Amino acid sequence: MTIWSIPWLELAILVPLVGSLIVGAFRAPMRAFTWGLCFTGFTLFCSVLAGLSVYLGDGSDGVHWTIQTTLFGRRIFGLDDFSAPLVPLVSLMHFLTALATGRTKMRRFSMSWSLASDAMRIAVFACEVPWVLIGLLIVGAGHGLVELINRGKPIRVYALHMSLYSGLLVLGWAFVDLDVNHRTQSAWATVPLMAAILIRCGTVPAHCWLTDWFEHASFGNALLFVTPLTGVYAAVRLVLPIAPDWVLQIIGVFSLVTAIYAAGMATVQREARRFFAYLFLSHTSLVLLGLELHTPISLTGAFSLWIAVTLSLSGFGLTLRALEARFGRMSLASFRGLYEHSPALAVCFLVTGLASVGFPGTLGFVAAELLVESAIEVSPYIGLAVVLTSALNGIAVVRVYFLLFTGTRHTSTVSLNIGPRERFAVLTLTALIFAGGLFPQPGIVSRHQAAVEVLDVRARCCESEVPTVVHANHAPPSVSADE
Amino acid sequence: MFDHESIVSVLGLIVITAPVLLFCLLGLAALVDRKLSERTISRACQISIVTGLVAALGILALMLLDETRHETIELGDWVIIPHYNFSVKFIFDRLSVPFAILSFLLCGTIAAFATRYMHREQGYNRFFVLYAMFVAGMVITSLAGTIETLFTGWELVGLSSALLVAFFHERPAPVQNGLRVWVVYRISDAALLLASIVMHQLHSHGDFDLMISGGPWPEGHTTIAHGQALLLGFLLIVAAAGKSALVPFSGWLPRAMEGPTPSSAIFYGALSVHLGAFLLLRVSPILEASIWLSAAVIVLGLTTALYAYVTAAVQTDIKSALSFASLSQVGLIVAEIGAGLRYIALIHLLGHACLRTLQFMRAPTLLQDYRVLENAIGSRLSHPQGAWDRLGPTGFRRWLYRFALERGYLDALLTRYIVNPFVSLFRWCDAMERRWTDFITGQVSRESDLLKPSTPQVEELP
Chain A
20 MTIWSIPWLE LAILVPLVGS LIVGAFRAPM RAFTWGLCFT GFTLFCSVLA GLSVYLGDGS
80 DGVHWTIQTT LFGRRIFGLD DFSAPLVPLV SLMHFLTALA TGRTKMRRFS MSWSLASDAM
140 RIAVFACEVP WVLIGLLIVG AGHGLVELIN RGKPIRVYAL HMSLYSGLLV LGWAFVDLDV
200 NHRTQSAWAT VPLMAAILIR CGTVPAHCWL TDWFEHASFG NALLFVTPLT GVYAAVRLVL
260 PIAPDWVLQI IGVFSLVTAI YAAGMATVQR EARRFFAYLF LSHTSLVLLG LELHTPISLT
320 GAFSLWIAVT LSLSGFGLTL RALEARFGRM SLASFRGLYE HSPALAVCFL VTGLASVGFP
380 GTLGFVAAEL LVESAIEVSP YIGLAVVLTS ALNGIAVVRV YFLLFTGTRH TSTVSLNIGP
440 RERFAVLTLT ALIFAGGLFP QPGIVSRHQA AVEVLDVRAR CCESEVPTVV HANHAPPSVS
500 ADE
Chain B
-12 MFDHESIVSV LGLIVITAPV LLFCLLGLAA LVDRKLSERT ISRACQISIV TGLVAALGIL
48 ALMLLDETRH ETIELGDWVI IPHYNFSVKF IFDRLSVPFA ILSFLLCGTI AAFATRYMHR
108 EQGYNRFFVL YAMFVAGMVI TSLAGTIETL FTGWELVGLS SALLVAFFHE RPAPVQNGLR
168 VWVVYRISDA ALLLASIVMH QLHSHGDFDL MISGGPWPEG HTTIAHGQAL LLGFLLIVAA
228 AGKSALVPFS GWLPRAMEGP TPSSAIFYGA LSVHLGAFLL LRVSPILEAS IWLSAAVIVL
288 GLTTALYAYV TAAVQTDIKS ALSFASLSQV GLIVAEIGAG LRYIALIHLL GHACLRTLQF
348 MRAPTLLQDY RVLENAIGSR LSHPQGAWDR LGPTGFRRWL YRFALERGYL DALLTRYIVN
408 PFVSLFRWCD AMERRWTDFI TGQVSRESDL LKPSTPQVEE LP
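As they're listed, the protein sequences go chains A and B.
Okay, so the first sequence: first residue is 20 according to my numbering, each after it adds one.
Okay, so the second sequence: first residue is -12 according to my numbering, each after it adds one.
In isolation and in its complexed conformation, chain A is listed as follows (with noise of 0.2 Å):
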């Protein structure tokens, strides 16, 4: 028995949901907290080393000793070349986020609550299997519903989204099971699902309701809620293997206006929480856009894309949720004059928001190129379109560095400086972002290895007639050149 055969990724879902349950019957909030952090620092360790299995352990899976055949019947839970490392970085952001947690903050931040989230997305971006995916995806979403409820705000917005989300969802599923043979062209299995992938990612015109999510929600748990891209990870699995070349088109068009539009939107607003929805929306969008292009480059641009994004939009996120900790909420019609009393805030927002726009030096830099390289394959006036998105984003970042730190200053008789949790929070993300963009090349083609892997499976599924399945690992096996 090696360190690869135990369980890792079994545990990384048990534990956080032990955990919620404990930490739960916690009536101190600062225990909870401490207990909290503790119960998600080991959810952290056993995914990471869940997603090393799968390339350093003996078999593609990573999993040789599993407790999921004796609950289930089958195994529901595994990783590819995909999703290896998206699971270590969905419970990289939960550690953070809980760890960069003012103490004002414990009461309303529920560690329980949070552990239970962190479950079940680990859950998600491992879930082999369709409708459970589905079924955890459409729980998500009522886990955000949850939270608005309890906060006593508005729902209408967010609940209508979702229903529909969760509706075409299944609605659009259950015709790919009906529909066994020739499911590509089905337009009655693809349609609907593509309609679920547009409103859960936010695409206009259905993106009323994550800036609605970002305005109601704590910050916390609405950075949490959208920055592991949920909804590109639905149409990785649910859409893009079996989707004709049209509906592909057809996100692809929906992806690019929204892209255009939310930095156009992120650039003149007057609200932080709402520029962060607005320069996410644009950011999520353009991962989509490479999605929906289905070439190699493409999809490897995606998917570096994807992890920039996360990494950075997470800290950059962390950073404002820093800030609100200190001022409240952040109004951007005037300028504040912060910079004296949190300069390594401001160097923080500055760095994680540059490296979100793919700033020379950092993670998103190559996989920015490698998505406009694709996109003018494409199209030149796609690649134009992605060009002017990421200026017009770049710009939204840097006005608003100067509305929040510029100008005269802010006078406070307390030092307002970054704390030391939120330091290391926002440090370590500051350390992967550079690391990833000084060193590429082991990420990059760890994530062209995916994308082959995808993309494979995409030609894999169209030829077959056999029931589509969510994972290389299970797909029907390619007819070789010999053959």
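By construction, these hints were calculated from the structure, which means they are not laboratory data.
The reader is advised that the hints may include incorrect statements.
[To be verified] Across the chosen pairs, the derived CB separations fall in these ranges: (1) 433/A - 191/B: 50 to 60 Å; (2) 464/A - 191/B: 47 to 57 Å; (3) 433/A - 99/B: 31 to 41 Å; (4) 431/B - 464/A: 43 to 53 Å; (5) 11/B - 91/A: 49 to 59 Å; (6) -10/B - 268/A: 55 to 65 Å; (7) 93/A - 405/B: 52 to 62 Å; (8) 460/A - 203/B: 27 to 37 Å; (9) 41/A - 410/B: 48 to 58 Å; (10) 393/B - 164/A: 52 to 62 Å.
[To be verified] Sample of chain A residues lacking proximity to chain B, with all beta carbon distances greater than 10 Å (derived): (11) 29; (12) 197; (13) 205.
Note that the coordinates shown come from a computational prediction; the quantities given were computed from them, not determined experimentally.
Beta carbons: idealized from backbone N, C-alpha and C, even for Gly.
Use these hints to put chain B onto chain A, whose structure you have.
Chain B in isolation, oriented as in the chain A frame:
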């Protein structure tokens, strides 16, 4: 034991790493919020600049002694996957080596000046972090052997410049000007990024050496077809125009003077403003592949020179006058590049950069000298009328004066026809979204609308 090639490689690496290490040191300290002393920063700058300069001079000496005109340092493929590679390569030739030496020389001079000029200034550390970023960007750009490498340096120069314009960030004007500079630079960056991708599409790589064959700079011709050269050249001209403040992007240059004098001197008077011209020199064989491109470059250069000359004549502050004077020379340099006079353009560029640095650094004390002089003679210094003052009818002269005073209306046109419609459109979309969410919610849906522009009280401590 040490052959020519290995010595050049070692020296070349020193040239590149010296400013990069300086930036890493100062940047890392800022990131972890550790304040370095003025003395440490000054010493680090001295060591880095002198090391880089000596290594660059060493390469020049070796190249002159061995009569080699083209050396390359390949750091290998940064990223390589099927159908895509991103290589890092640096070129040492008759264009890049003088420009790198110029960068080190002027940056070193400015660093020495700035350590005194910025002494005990609150943003001392911040200034030198941005300064280090600028030097690293300049050196990477000047030595870049591939367009991706050049783009990396180009972006570093752009960001540091915009942040330096907004250096005195307690006042709104420098910040607004910094943002404007950043917007123009983003347009320039976008054009360069597109050019980089077009190069990849044409040749599957962004290597200048492979794109331009037939001998080391200034010789060489491109192998790409006329139509392709037209597209690529157009993008490169837009990129250069944005960076060098050529017409119609000239509006940012006087705005950039809001920054501290050392940064104005080095960035806009001496180095940054010449970066566009440098790019055009680097890709001059591509420009010469099409007569239309060459003509466009000449027209652009001459138009900029004329515009800057007219505008400079009415400026009332010394830095703005110098910046437009600088721009008129940059316009001429660009015109020379379009005419194919590559050596003349390079010599013009080097000489002009040195002269402007001197003038910019002298500017603050010159005003004091003028004051002393005028106090001594007891009256204002006379300004004799020039020949231009009597040229043309009065109406035309008035129009020309207004035109110059408004800086050719370039900023006003940009604001009226691009910025305002853009902002209005998206504000309208924002209002529509608000109505839509209010309609669904059945109440006011945005908490953010209720926010006050500023909340002076601290809400809660972490």
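Status of the hints after comparison with the structure:
no.: 1; hint: 433/A - 191/B: 50 to 60 Å; in the structure: 58 Å, holds
no.: 2; hint: 464/A - 191/B: 47 to 57 Å; in the structure: 19 Å, violated
no.: 3; hint: 433/A - 99/B: 31 to 41 Å; in the structure: 39 Å, holds
no.: 4; hint: 431/B - 464/A: 43 to 53 Å; in the structure: 51 Å, holds
no.: 5; hint: 11/B - 91/A: 49 to 59 Å; in the structure: 51 Å, holds
no.: 6; hint: -10/B - 268/A: 55 to 65 Å; in the structure: 57 Å, holds
no.: 7; hint: 93/A - 405/B: 52 to 62 Å; in the structure: 59 Å, holds
no.: 8; hint: 460/A - 203/B: 27 to 37 Å; in the structure: 30 Å, holds
no.: 9; hint: 41/A - 410/B: 48 to 58 Å; in the structure: 52 Å, holds
no.: 10; hint: 393/B - 164/A: 52 to 62 Å; in the structure: 56 Å, holds
no.: 11; hint: 29; in the structure: 33 Å, holds
no.: 12; hint: 197; in the structure: 33 Å, holds
no.: 13; hint: 205; in the structure: 32 Å, holds
Hint 2 from the list above is the single one not met by this structure.
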